[in-house]
Structures are given as C-alpha cells and as structure tokens.
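K.L.:
One-letter residues, chain by chain:
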Amino acid sequence: MNTRFWILLCVAMAAAVMVTAAQAVEPPVWDKEVLNLFKTLPVQEGGRVKPLDTYAQFALLRLNGKRTCRTAPETSSSPLARMFGPKRSAIEWLLDCVFFPEIAQDYPVFSVNSSEVVVALGLPPHAAKRDRYSYRELQPGRDKLFELARLYLETPAANRTVIQAQTINLAENVHHYENLVRYMAFARTPLKVEPTEAFLSVFPEYSPEQGLALSAFLRKAPEIKEKYLALKDRAETDTSAAQGIEAFSRLFVQLDGIRDATGALALFPPVETKEKQWLTPADIIVRAFDPGTVTAEEIGLLQKIEVVVQSLGNPDEFRRHVQDLHTQITNLARQRGEYGKVGLEVAFYKGKFFYRSFIFYMICFVLVAISWLVPRNRTLAWFTVVAISVPTILLVTGIVLRCIIRSRPPATTLYETILFTTAMAVVVALFMEYATRQRIALSLGAVIAVIGMLLANKYEAREGTDTMPSMVAILDTNFWLTGHVTTILIGYASGFFAGALAHVYILCRLFGLKKGDDTFYTALSRMTYGILCFSFFFAFLGTLLGGIWANEAWGRFWGWDPKENGALLIVLWQLAMLHARVGGHIRELGFSIAAVFLASIVAFSWWGVNLLGVGLHSYGFTHGTMTSLTIFWAIETFVMFLGALIWMKEKNPERT
Amino acid sequence: MSRIAAIAKHAFRFFASSGLAVVLLLLLMLLTFLGTIQQVDHGLYEVQKRYFGSIFVLHRFLGVIPVPLPGAYLLLALASLNVLCGGIVRARKGWRQIGVLIGHAGILALLVGGYLTFRYSISGIVSLYEGETADAFLSNDSWELAITGPSQNGRAIQHVIPADDFRTARTGDAKTFFSASIPFEVTVEEFLPNAQQAAENAPLISIPISKEPSENIPGMYVTVKDKTSGSTQQGTLWGMAGSPMNVTSAETVWRLRLQRRAWPLPFKIRLNKFTRELHPGTNIPSVFRSDLTRIEGTSEQDVQILMNEPLRYRGYALYQASWGPANAGPHDRLFSTLAVVRNPADKIPLYASCVICFGLFVHFTMKLFAYLKAQHKART
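So the sequence lines, in the order shown, correspond to chains A and B.
In case it helps, our numbering puts the first sequence at residues 25 to 680.
In case it helps, our numbering puts the second sequence at residues 52 to 431.
No lab work stands behind these hints: they were computed from the structure.
Incorrect hints may appear among the rest.
[Unchecked claim] Capping the alpha-carbon separation at 27 Å, the derived lysine-lysine pairs in BS3-like fashion look like this:
| id | chain 1 | residue 1 | chain 2 | residue 2 |
| --- | --- | --- | --- | --- |
| 1 | A | Lys-539 | B | Lys-428 |
| 2 | A | Lys-300 | B | Lys-324 |
| 3 | B | Lys-100 | A | Lys-587 |
| 4 | A | Lys-587 | B | Lys-262 |
| 5 | B | Lys-428 | A | Lys-538 |
| 6 | A | Lys-538 | B | Lys-424 |
| 7 | A | Lys-587 | B | Lys-398 |
| 8 | A | Lys-300 | A | Lys-244 |
[Said to hold, decoys possible] Only part of the chain B face toward chain A is listed, based on derived beta-carbon distances under 10 Å:
| id | residue |
| --- | --- |
| 9 | Gln-99 |
| 10 | Gly-137 |
| 11 | Asn-394 |
Glycine residues also receive a C-beta, built at the ideal position from the N, C-alpha and C atoms.
Bound conformation, chain A alone (with noise of 0.2 Å):
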C-alpha cells in the first residue's frame, strides 16, 4: 500500500513538472561540441583572460547565487517546475541569454533574498520572502529600480538598510543582465539607413530592405567620417547637405546604441601585441571611423560574429561558424601568449574541487560521528583517517592548480585565504591526529573543514566576483605574498584549532565526560598547548614577515595599521597565554577558556579589521560579515562563560 502510494506521488510530481515545462517556451538545446567550443573562448574581464566559461559561472553567480539555473517560468506558478525543472548551466545560461533573449529573459536567475525589496518596485511578490525572479517579472519595475537605487547610493554603504543594500544589488544585476542580453543584437538587426547620395556612394548596393551589416559598414567607416565632414563644409549654403547631415546624424544615433549595448565582452584579441586591452564589439565601432587604430582582421572578427548569429537555425553552419571565429580567436591569444591556461582553468572549474571536498567532508563528519559510537573499533577509526585525506587531497589539489593558473602563491584574496586556512588546519588536524590517535584531532578537523568550505561557498556565491582578480601594484611580489600570507594564515588555521580543542575541553569538563580521567584532561590541554605554539610560531613569523615587507615597501617595520594591530593582537595574547601558563597563573581550564578567546582575536584580526574601514587592509563594510562575526564572538563569548561557571564551580564547590 505505502509503495503503492509513494509510485503514484512520484508520477505526479513527474505529471506536474512536464505540464508545467510545456507550458514554457523550450529553451535550446546546445551541441556538446559547440558548448566545449564557447567554454573555452578566451575573453579578457578584469584585466585578465580567462575562458568564456568562467566569465559565465561568475555573471549567474552574481546573480542566482548558484552556478546553474532552472528554466521554468513564474508565471508558471509551479513551485515543483522550479525544483525539478529542466536546469541550465552557466556557460548555456549566457549563450541563451545572448543569442535567445527572449527565452533567457523567464529564467528565474535574479535572487532577492526579501520580497520587501520588489514589493517596493510596485510589482507582485512571490509567496517565499526569499526567491528567484525572471527579467520579465522585474522589467515593469526596472526604472523605478534604478530610481531607487540611485537614490540608495547616496547614502555612505555601512548606513544602509539591508534592504537599500539589496536594491542596489538587484539593480546591479539587473544591469549586467541587460549589459548581456542586448550584446549579440547588432549581428541580429542589419543597419537600417537612409539611403543618401553620399551614403549610396560609398556604398552603392545598398539596399533598404535587407539593410546593411555593421562589419560591413563598419570596413568604410572613415568613408563615410569624410563623406561627413563634407557634407558638413557645405551645410550652411546647401540644403540637401543639410538633409544629408541629418540622415547621417540618425545612423550615428544607431551606432552610438549599439556601441553602448556592445561594450559586456572584451572577446577579440588586438592584432598589435604590445596593445593590451583587449576589444569590444563597441571598442570597434568607435576606432573605426579613426584609420589605423583597427585592422581588417579585428572587424572581420566582427563578422564573423554576424555570421555565426544569422546561422543559429542550421545546427551544422552554425558549429562550423563557432569553429572558425574560436580558432581566429585563440589563435591571436596564443599569438599573445594569453591562451596558455584557459584550458586548466576550464578544466579546474569541471573538476568542481572545493565544492566536492565540502560533500566529502560532510560525509566524513559522518564517519567520525559513527566512529565515536564506536570506539573500539579500529577499522573504522583507521578508514576515517583516510576517507578525510580524500577531501583533504581534492582541496590542496584544487588550490595548486589556482596557484598554477595565476602563477600566484595560494592566499592572495579573502577568499583564497579561507580555502588555504582550512586546508591548514586540516593538515594541522591530521599530524595531531598522527600524534595523539585519540580521534579528537581527527573529528575537529573535519568539524573546521566543513564550516571553512562552507564559509568558502557561502562567501564565493555573496560576492559573486571572479576570485582570481588582478593583483594592486602593492601586492605584485610573490616573494611577500608567499612569506607573510601564507605564514600569517597558518597561524590562524592552528589558532583556531587551538580555540576548538579548548571547546572541547571546556565542553566536556561541563557535561562531565570522562569525569575522574584526569589523564585525559590532561592530553586534551597539551595538545592544545601543542598547537598553540605551533600557532604562535607561525603568526609571530608572519607578523614579522609582514613588518619586514612594510619595511622595504614603505620604509616603516611598524605603523599601527589596524590589521598589523590585529595580528600584534594574536601574538600578545599568545604570549600572555604562554607566560601566564609557564608562571602557573593559568592551568588547564584557564589556558582552555584563553584558547577560546583566541579564535575570537584570529576572526578580528582576519574579518573584522577589514570592517573597520581604514587602514591598508580596508575591504568595506559587509552586513553579512558583520552578522556572521557577531554571532561567532556570542557564541565563544557563551562558551568562555561556561568555561568561568565551572572554575567558580571548582573554587566553590560548597555553594553548588
């Protein structure tokens, strides 16, 4: 009966999903090869070339906070569609978007995590506060939107509301969004231009019905500037040159609308190599009418781009189109020594690394939650052991291979420094682990491995920015950035170990765990003391390293900057620990609630100087780090306290 049940529920989710999917227009369906062929286009954002595909994973992270979407429409009022419906990833998100905007524009891509901030658009929200909308829901409110976040911005970005800081997001986003869909629109829509007797002299076969393409337009460019200018000296005696001007004046116009709509994607390589910026279809347009600042073959990548566009509905043409226009275009990034790394990078984003060694080590916490049940069991302690390098491995592999294809050291963003600090203190984790074999080095490790890769995704889909940056002249030195980052970083790993073996400490003193095992208390506040110097060592090194930087960079060791603050601040409170416990003014349960109020210096000195807004380390004022930062410091804050109930517990014990 209740298999019977269960069949049926299921074919009528089914039943929903493919009533609701055939409702909806059906979004494209893209050749394998044709995808791989887009993935792998370079195209130069943010002052480096990367493959189209990571371009892509970012654009729908920054807007969908996920690197896929579904396609079925809100309209279709389905919540069951949105969960089984058909999905799209990124890279074939961007070529519907470019190529299909009419049917992009349903996905539901754009994330408003209130409804507050659509509600304020004068549009109808969503039962969830929390959801997913379509451009075509948002578009009858988008120039109040942009009315509104204008507005917004005026005011200084740490006194905003969270939900002005949501409608400049949603704004942004919107943007970037348009920025995307309007990009191909030129290779759509010929040229529609007045045929004049100076325009039909340059171009003779002209014809108004099927218009003019703008590659070819685009080639007689400074023809049609002269013919212009012309027209232009005898404007005040002559009448028809005065009609001329106009009709040339509506053309610009046209021009001037394209090249603000084509300006998202810098795809073609310059011919000249000691050019750096790459171009834009808009970049085109305007040196064209300017000789000898665009080359024949820069334009004819122009064209191509049409004929790819005007051979979308034979899938044949079409592959064979988008064959030719990636090899013209890598060929000229090689030419440049710009496409070396685009495959890694492609391949580094398939392997999906930091994201898989998140599922593994959730799985792991698993194994060591079941290890715990059973303690004797050896196998089982021994296949936890290596069932947490297998994440471990997957996670250092994923940060080489971001070091190879930045030629860059591993932690030169916040973001990086998260996955580097959790790939520390894992590693630290595993050698404790190798030291005591008590499975309590081994169960932190994976309870810190999973909140790290957490903090890593969470904080990747929020800012949802390319993580491979260009780099500030400041910090163009491999030498530093290896010296005192990496250092400084396992410091914090280490004394954040340090911070949850005292958790466990304290947690398990209060709730009376191996109660009368002294021998075990005992262990557990020398591993931390272990760990502990092992943290010191490494913060006092990197603090160092980061004065001695400051010394050659700027020509002061030590400037009160409030992140050198932040790491002088680690560094003295471990020095007090270690004075403080070697003067025997601290034992074990105070050197462990000091362990705990050391993971709260290490998250200031990491997040929260960065808050402050001053200083060499200044990244702005976030709300959710803020929040995520408050709620850490009241949880460490309610564990030292309990760690002070059961010292006063101790030194009383008649009042209890």
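Please arrange chain B on chain A, whose structure you already have, making use of the hints.
P.N.:
Chain B only, in chain A's frame:
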C-alpha cells in the same frame, strides 16, 4: 647598604616576573585594540600620537568616561626591562632553554630597534614633475616659520622656528620670538592648525583638522616689532601662501614664510619619467614606476623606483608613495611622490626577526620532538 640591595633585589624580581610580563602584554593588547578602534574616528596619525607614541593616554570610554592608561611608549619600555631581567638575566640557562634565550634576545633587539626608529628616524616626501630636480625632502606633518634675511655675499641667512614652539599660541596667549641677529621680534598671536585663506592678506578661516596629516595646512596671525624703532607690522602667514610676508627693518627686507619642515638630501634626484599602468580594462593599478637620475657633483646615475623596490643610498631610502594630479587626463603631465626615510635602525627589525625566529624554531622543535617521543612511549 643591605637595605638598598634588598630593594634592588625586590625591584629586579618584580621586573623579571612572569606576572609583570602577563600584565604588560594584556595592557598592550588593550591599548592596541582601543587604538585600532579609535582609528575609525580619529585617523591613524592622531591615534598613533595619542596611544602608541605617548607615556600616558586618557582614553574616553564610550566616548565620554575618561580612563587613564599607560601609553605604548611606557609599556614597551617596561617590556624591554622585563625581557632583559626575566627573559635573559634571570632565565634558566641550559641547552633546553637555549631557544627561549635566543628568542628573548631577539625580542629585546626588536624593541631597542623600535625605540631607535621612534627617536632618530626622519621621514618625509618629495614630489617631482617629470624633468624636475630635488635636493631636499619635506615633512608630511611638521611645519616651521622660516625668517630669511637679506643676501650677503650671495648667501641669505635663514632662521627657523619649529611649529611645535608656537603651536599653542592663542588669543591672549601669544608666543614671542627674538634673536640677536634679527632686528625685530616676531609674536605669533594665534596659530590655526588647519586653515584656509581666500586671498593674500585675507583673514584666515579655521577648518576642522583632517585625519590625514598632510592635508592640514596651518595658518597664523603674527605681529612683527622693530627693535630699534618700536614700530609694529601685523600680518597673516598661511602654509599655502603664494608669497612670503615682507618685513623692512633698517632698510633691509626680511621674508617670513610658514613652510613644511625640510631636510636636505646628500644627493640630488631628477625625475625623468613617471609611469602608471593599469590592468587592461580596469582601474586596478599594475605598475607605478619612477625613472630617476641620481646626481652627486658631476656624476650621474640612472635609477628606478618601483612598488616594493625602493632606492637605498647613503642611509636614505626612497619609496614610490603616490602620484598626481588625481584627476589627470591621459596626456597630462604627472608628478611622482616619493617617500624618503632616514632610519639609522633600518635593518635592526630584519636581523632581530631572524634571531627571534631561529630561537623559537629551536625551542618549539625540541618541544615537538619531546612531545612526539612521549606520545610514542605512552602508546608502546
């Protein structure tokens, strides 16, 4: 005598105690934390002076309640004493403690280096347009009143009064200066640490002090009294004034100017070219580079200063610090601003860091192996 010896012994024990170390470290932590938070409202420069360069600081808790605290200067001096007494002199000596001893010695060297830098280093800036030459650098935050006399044998005598000597001058609390070689007295009636002046000789307008010290342009009202005739002349001096205040005494003309404090360089530098590059399609700077010629007498040498690659020469270090004008177009002439530092203790942090790290490495490696050995023994 034995009483003095007992007091000295007690004092030594106090300064060598781990308890004092813990208290000093905690106070330094508190001060560092408060100083970091205060930078949001008061800026780095002000906080550095109040919290980290002082003996005592009056911190306003919640912006209202005054709480006296020892400044970092005092804390670090006591910490140095503590490291010397407790970490080196009193510490147990032996192979097992060798790492700790080396580490403490390194920390002491670092603190001494910090003191020498604080006390004896000078720093400033020099801004040059392409083609310009400089043989001096200017302070970012220190000003002086320069009184320049008439030229004698082609050389003019200049008397300089540091702004610190008249910084407190207010209406009713004027500061007067005189010298045997100057035929007049100068009285600073009122000093404004940050001011504007709409036109020459116009009244000064006091404006709030900027967090960025280089942005503060002081001004002041002065009265000059001729020693012989007793006649007086009043005037305004402003840091950005186009021309000096001229004072005529005994048929000689003297010039008074409020200017940034300047230090001579033992060589000249000429900026040949300044290059600023961005990552393509972005506003992210990729390169700042100053191509210079260093001139000493008749010898000239081309040198280059980049980010992270300063020029070190004859005890001076020149760094790429900034550029301008901020709103320059693609074909506008740019200037390069170089930070100039003369620090006799420049290399001490590097050497001290090496010593500290070596000491810590030795100590913690010995500890780690002892721990691993104990763990292995416990298992077997």
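K.L.:
For a quick check of understanding: which of the numbered hints are violated here, in increasing order?
P.N.:
none
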